[in-house]
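*Asks:* Here the sequence shown is numbered in the working numbering, starting from 1 and rising by one per residue.
Honestly, the hints are just simulated from the structure, not real lab data. Backbone N, C-alpha and C define an ideal beta-carbon position, used for all residues, glycine too. Be aware that one or more of the hints could be misleading.
Stated by the list, open to error - Distance windows between CB atoms, simulated:
#, residue 1, residue 2, range
1, 206, 76, 29 to 35 Å
2, 34, 297, 39 to 45 Å
3, 79, 28, 30 to 36 Å
4, 154, 53, 14 to 20 Å
5, 111, 291, 31 to 37 Å
6, 28, 104, 40 to 46 Å
7, 188, 270, 43 to 49 Å
8, 233, 53, 37 to 43 Å
9, 219, 261, 19 to 25 Å
Stated by the list, open to error - With a straight-line cut-off of 30 Å between C-alpha atoms, the simulated DSBU-like cross-links for lysine-lysine are:
#, residue 1, residue 2
10, 31, 199
11, 199, 257
12, 68, 47
13, 68, 257
14, 47, 31
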Amino acid sequence: MKIPDIAPGARILAFGHYQPAHVVTNDDLAKTMDTNDEWIQSRVGIKERRVAPAGESVEDMATIAGGKALAASGLSPEDVDLVIVATCTLETQIPNASAIVAHRLGIQSPGAFDVNAACAGFCYALGTASAVVRGGSARHVLVIGAEKLSQWVDWTDRSTAVIFADGAGAAVVGPADTPGIGPVVWGSAGDKADAIVVKDRQHFLHQEGQTVFRWATTALHPVALEACRRAGVEPSELSAFVPHQANLRIVEAIARKLGADNAVIARDIVNAGNTSAASIPLALSRMLERGEVRSGGLALVLGFGAGLTYAGQVIEIP
């Protein structure tokens, strides 16, 4: 048996993102439900969010974001061996999104599978992509987080409608002489699985907000610290901290406990809302676009959400 060449490390080559054109402000929501801008900003920190039209699917958004990441990486579709789409909001479960997206991008016969770890999905997929590249099963992997949460929320329920939004973010992972993606620290708290649920297609997303808030603000900073430890990085060495954009209060609470005093803290939720598995790559791609983070710096990414699931790793910013 011939063992394929095994890369000593894996790294992210490029990011890409996509957001629907339609902006929904807090004032827009106040026209249809009992809420207002001050109430929403004080509780979740969101000013506006993007919502996809009825004819725009998870696969549509994933294809655009994935295409941008692929173009930015300098690779061609023929160079991609595996496509992973992290999502929990497909309208139908079969077929999977990854095979559709790969076909639309002209990627011929790649491995293709979806990951449903909800808001932690991108970090789960990124950890998997890194392991696959280092193990020699693929040389280049396209990893996409894409969600259309607007079709799963009750737009008269201010406890969810003010939070969730649509979008996609993507990254291309390839081999490296030294590790550019640290070990993933992942886990779950299945005893709290009923804190975020969609019972079936006849029901909307339900979230026990206080349960999730308490869990996220008390249980997750040790995960973030462990991801730094496994990567051999002190929090003070981080250039950026990019947690899942669940709630601005959660983001800032975890950041304070992490103690990454020199890091730029992602606050993409203010203008993008909570886009679940898309939120981390979407935020990082936008931060790079705005020049808020520099290539070669270290970022800690931390996903957490329904399941309850969590995952994080330190990455080198492409």
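*Asks:* List in ascending order the numbers of the hints, as given earlier, that are violated by the structure.
*Replies:* Violated hints: 1, 3, 6, 7, 11 and 13; rest satisfied.
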